[in-house]
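K.L.:
One-letter residues, chain by chain:
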Amino acid sequence: MKIGQQQHGAVMLLKPEGPLTEPEVREFSTALRELLLGSMGRVVVEMSAVPFVDSAGLEALLDVSDEQSAGGRSLKLCGINKTVRQVLELTEVDAHFDLYEDVNSAVRSFS
Amino acid sequence: MAHLSWKQIRAWMRCHLFARGERGIATIGIAAAAILLAGVGASGWWMLSCANNAGIESRAEELQTTGVMLARSAEVMLSNNELTALRQLISETGKKLRLTECRIVLKPQQIIADIDPTRINEVHLPATWISEPLAASPATGSGNIILRYPLNVEGRGRAYLQMAGSTSNSLIAWWAAQSGVALIGAAGLGVLLLVYRRNREHLVGMEVIHNALQSYGAGESSPEALGVDPRLGSRAEAWNRMLAELADLRQRVSVARANISGGARRSTATGLESACDAMSHGLILVDETMRVRFANGAASVFLNTRREDLAGADISNLIADEKIRAAIRAITVEKSRRPVTVEMEHQGGSGIGVLRFSIRPARKGDSSAATIVIEDVTQQRMAERARHSFITQVTHELRTPLTNIRLYTETAIDEGESNPASRANCLNIINQESRRLERIVGDMLSVAEVEAGSCTIRKDDVHIDVLCEELRSDYMAQAAEKQIKLEFALPPKMPVVKADRDKIAVALHNLLGNALKYTSNGGKVTVTVDMRDGNLVIEVTDTGIGIRPDEIERIFEKFVRSRDPRVGKIVGTGLGLTLAREVMRLHGGDVVVQSELDRGSTFTASLPLPSEAA
Numbered sequence: 110m111k112i113g114q115q116q117h118g119a120v121m122l123l124k125p126e127g128p129l130t131e132p133e134v135r136e137f138s139t140a141l142r143e144l145l146l147g148s149m150g151r152v153v154v155e156m157s158a159v160p161f162v163d164s165a166g167l168e169a170l171l172d173v174s175d176e177q178s179a180g181g182r183s184l185k186l187c188g189i190n191k192t193v194r195q196v197l198e199l200t201e202v203d204a205h206f207d208l209y210e211d212v213n214s215a216v217r218s219f220s
Numbered sequence: 002m003a004h005l006s007w008k009q010i011r012a013w014m015r016c017h018l019f020a021r022g023e024r025g026i027a028t029i030g031i032a033a034a035a036i037l038l039a040g041v042g043a044s045g046w047w048m049l050s051c052a053n054n055a056g057i058e059s060r061a062e063e064l065q066t067t068g069v070m071l072a073r074s075a076e077v078m079l080s081n082n083e084l085t086a087l088r089q090l091i092s093e094t095g096k097k098l099r100l101t102e103c104r105i106v107l108k109p110q111q112i113i114a115d116i117d118p119t120r121i122n123e124v125h126l127p128a129t130w131i132s133e134p135l136a137a138s139p140a141t142g143s144g145n146i147i148l149r150y151p152l153n154v155e156g157r158g159r160a161y162l163q164m165a166g167s168t169s170n171s172l173i174a175w176w177a178a179q180s181g182v183a184l185i186g187a188a189g190l191g192v193l194l195l196v197y198r199r200n201r202e203h204l205v206g207m208e209v210i211h212n213a214l215q216s217y218g219a220g221e222s223s224p225e226a227l228g229v230d231p232r233l234g235s236r237a238e239a240w241n242r243m244l245a246e247l248a249d250l251r252q253r254v255s256v257a258r259a260n261i262s263g264g265a266r267r268s269t270a271t272g273l274e275s276a277c278d279a280m281s282h283g284l285i286l287v288d289e290t291m292r293v294r295f296a297n298g299a300a301s302v303f304l305n306t307r308r309e310d311l312a313g314a315d316i317s318n319l320i321a322d323e324k325i326r327a328a329i330r331a332i333t334v335e336k337s338r339r340p341v342t343v344e345m346e347h348q349g350g351s352g353i354g355v356l357r358f359s360i361r362p363a364r365k366g367d368s369s370a371a372t373i374v375i376e377d378v379t380q381q382r383m384a385e386r387a388r389h390s391f392i393t394q395v396t397h398e399l400r401t402p403l404t405n406i407r408l409y410t411e412t413a414i415d416e417g418e419s420n421p422a423s424r425a426n427c428l429n430i431i432n433q434e435s436r437r438l439e440r441i442v443g444d445m446l447s448v449a450e451v452e453a454g455s456c457t458i459r460k461d462d463v464h465i466d467v468l469c470e471e472l473r474s475d476y477m478a479q480a481a482e483k484q485i486k487l488e489f490a491l492p493p494k495m496p497v498v499k500a501d502r503d504k505i506a507v508a509l510h511n512l513l514g515n516a517l518k519y520t521s522n523g524g525k526v527t528v529t530v531d532m533r534d535g536n537l538v539i540e541v542t543d544t545g546i547g548i549r550p551d552e553i554e555r556i557f558e559k560f561v562r563s564r565d566p567r568v569g570k571i572v573g574t575g576l577g578l579t580l581a582r583e584v585m586r587l588h589g590g591d592v593v594v595q596s597e598l599d600r601g602s603t604f605t606a607s608l609p610l611p612s613e614a615a
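Chains as they are written, first to last, in the working numbering: chain G, 110 to 220; chain R, 2 to 615.
Chain R on its own, in the form it takes in the complex (with noise of 0.2 Å):
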């Protein structure tokens, strides 16, 4: 086994010893107190023992010390034939001493004087008599002395003097005090146990109380896991009390802290450092050591710094972009006048931001300070390269159309007169490009429109199996025209969502318009409604050519259609499914989607559904 630590120990003991609580100290502490009477009762009788045995040494020399004179004083009253006196002292030192028996006699049965005069069968005493040695005296029995001295009457013969007396008078005593302390020994454990029977109550709950307290040091806060059961005493209904009122005061404490922080947050500092902090754009003064004087809030939050780790700074060491550098050293060091702006493109956590760096002299007496104004403009150079793109796709996408219109246009005026088959055919592809224009424009105009912010959306009762429905019958025909199998799989019971009803069909209408149109003949087309983690999920899985995996996240931007040739030979926007996601995404839901190449995709709309409903 290995090494034991004092604390592993101590650990232990309070596992197995304590861990049965309460009741348990309370058992232990009765069965040690019946220990500890024993052993009280136990030695008592040991005392009262030798007290005893003292006892009864004493008496037996006190019993012999009397015989030995009384046995001399008798000698010499025999001699003297003071038969009376003899009797009488006999008589009184046998009750003195509390004789069973205390007499004189010559020979057995020849008794001259006894406790008891009645037993006295010589009454003189003989010239001489023939002494006769007396039986061997019979063994001193337990609690009992025999004594007997021969007395020698000189001319007449041997007497004997015969005692027995009781040597344990003071058994009685001894077995009364043995009671005594049995019965004030088995007393105490009746009043320990009476005492345990009626605190028992208070014990369990204080026990449970413990357990609660044991639980609150392990970590568990919740009154509700804390409280215990009220029918257990005052002290459980006691500690009920205390744990709500300690709610009650986290509570209050939580709601004070909240105002205080509030409060704190609503005082508003003053002076220039506040109102050059309440500013967006980073504010920095550089001295012309280099070194920063001065940064704003918002500067510490361009360079990505702690604000205590900017004041004094060396400005090189913060900014990595040698163009700024070179502007600020220019300005500070070289006493330059020239106001410089930079702009330098910043990789943060989530794509490319751009911040510009305005670098201005601040001149004061013949110290040159810079100036260095630091905004973020990424939004801006966003916008200005979506609305690039944006001009450049529009120009194509509509001028493709405008030139097919013109040019079927004049074919038509050329042609019309001798063909008019063909005047037939122009007017049917004009009539087409012109739809197709209506088409891009409509779509544009939805996008702009989200992309502005202006569009509104209405909170309609949107019945998703009347709208399912009507895009069944929608794409029905076009689904049989090309022998594509379009299935739609439909829970019993759907749903009514809060949306705006025709622009979540617009891009449902988008979904799946596109599976159709990127599924070859003889495919399937299948739509699936759920309902999960309290969205309803409308997933659109279609037998298409895919998607590659480097365009998957590109298809939702504007105008963006895939390089695959297929692609290409099919009419289409490059707006729908972008106008799709951000519908989506205005009613608080995404589209995503999944897919592989030559095999298919799934386009997944999720929309919130109402939390009763969810």
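Chain G with its partners taken away, still in its complex shape (with noise of 0.2 Å):
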């Protein structure tokens, strides 16, 4: 899985490219929390080259999601394809995610 990471501005942009699943899941997770770790949580996932995420994957999401919560934050997904989307919402857990169409209007939501 290649995982790809943009500035913008003060926010990390992190770009995962590849279905998220069980054998990408641990890769995934490092380079999520590292990011979150330097930049105290100032992270958008870009989710637009992610094709569909299994359980696995939905359980890393949902473990950092936790984690931010824990810290009065959320964690901020954006560009979703309909499939993830549809997984989010089936498992009724897209709540727990802050869900942006583009990367712009995640990137702002922090200010």
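Quick caveat, the hints were computed from the structure, so don't treat them as lab data.
For every residue, glycine included, the Cβ atom is placed at its ideal position computed from N, Cα and C.
Honestly, I wouldn't trust all of these hints.
Partial chain G-side listing against chain R, Cβ under 7 Å, derived [said to hold, decoys possible]: (1) A179; (2) G180; (3) G181; (4) S218; (5) F219.
Fit chain to chain and form the complex, with the hints in mind.
P.N.:
Listed below in structure tokens is the structure:
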């Protein structure tokens, strides 16, 4: 799995490419946690290149979201496709994330 | 050879002895059974042979004993001339003992009594006869015994009792017993082979299942890899069914886990503590001994300390900044009532963050505590900084053309009447400067729109080939003017992407315009379109002045233009690349640059392709 990073002002953008499934989860979680720690939570996960998410991927996202909400924040995801949105809605966990249409609105939500 | 541990030996045995599987074990089992049967047969034969030898010995003894007694009786009977009784005794004894020969001879061929009465050729006992020694008795052959006893008939002569009989009368029984053992062994082996043949399919099935279990033990868990051929019998079918059920269960468990954890996450804790945890600001309560009495979740994030390590910790160990420590001490120890706000730069993994600590007294009775509220103000600080630099730049960028316009307008007014050529020149410059102003304002608006997030992206069908054709026709004249070779390296078939046509066109215009602008006469500019890793990649390569390595990333920032004196001579706003990158990023792509000073640059714009086109 390729995981790209971009800086948008004070906000870091994490861009995983490829399905977020069990073999990939570890690498993704590590990268996300490191970035969150380094930028004190100012991170947006850009999901437009993630075609689908399995239960392990969902667990990883929820774990990070839990850690964030313990610090009064939430995990911001943007650009999720229809499949991933359906997965989040069917498992009724969509409310655990801040979902944005595109990078810009997600980045602006920090200010 | 190094020392072999027991573990290694066991591993070797597992590898080499049992690696052949159940079929191998079955073959070994059958061989072992055959060897066992052969052993049993051999011991049976040995026992029978011993018993047979014992029988022969006892038979010989029996015959010898009887022979001695018979000889003594015959001597007496011959002395008394009791021939009839003697003959009867000989006949009966011979028959009783199953003798082949039992006779009394006076001399060779002169038989006085015999088991077979017809062989008797001396009916009466002569008064005297001359004894003749008999021919030496033939050696006792195998299975036969011949006994000869001399009888002294007083006053008449010497006679002989001759007995011959078989000792191996149990030979047939012995062979029968031997054959019996062999037959039982062969039958046992046959039955074993039959059972093996009948169960071979099951054994193969078991072996395949055994192998699957071994690979499961080695960490393989996918049902496809562990499944076996269902034609291998009912066990294989059952195994496959079990795998399918396991996969189904696993799926259910993972769904249930997701639901449970979702449920756990959904359950909302109540209370003041969870209310504080919901705050995005860090909140810490410090008592008069400078120890943390309470800290919320956000505080642990800002201080990069685990929550459980925060409670009761000395605040001086958690905050390195001396100003903040002093402010806390002033409130808690020195009982000051003055609230203090301190901003601290925090060096994070990705750039600098700014934290604002607001320290206020929280007094109850005599005890003095301090409340510390921590805010992440990085975003605000960066925005302020950006705003400040933006205003400075805008002022500068707008003032230059405006000043020019004002100056040339004044010149035109002053000299216009007397010098029409100068007026025309002035008007021309005013025209150029107002166009520049228009372009700057246009670019600024676009960038501001993108940054404010009010920029919406339409999803048009953008035909890349059409776009490239437009670029070519727009820039052909400009390239020809500077004698720059403008080349387009395009694939034969180009995709149609979903994007905002106008914005993509602006971005590409900016990239190609820059390439032509910063390439000196006689250079070369190449536009390459390619599809790589699910992205549409457009590369604009020039042989221009290049970018200094320390300026490479900065050129994408607003109003940043290279400090290279050659750049200063060329008109530009410092917004084109910012806009190009922002537009591409809005579409999920990016613009990156590779450059070598004085050699040229390559700007690479990437745009994700729809998955079916990739």
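K.L.:
Checking against the hints above, which ones are violated?
P.N.:
4
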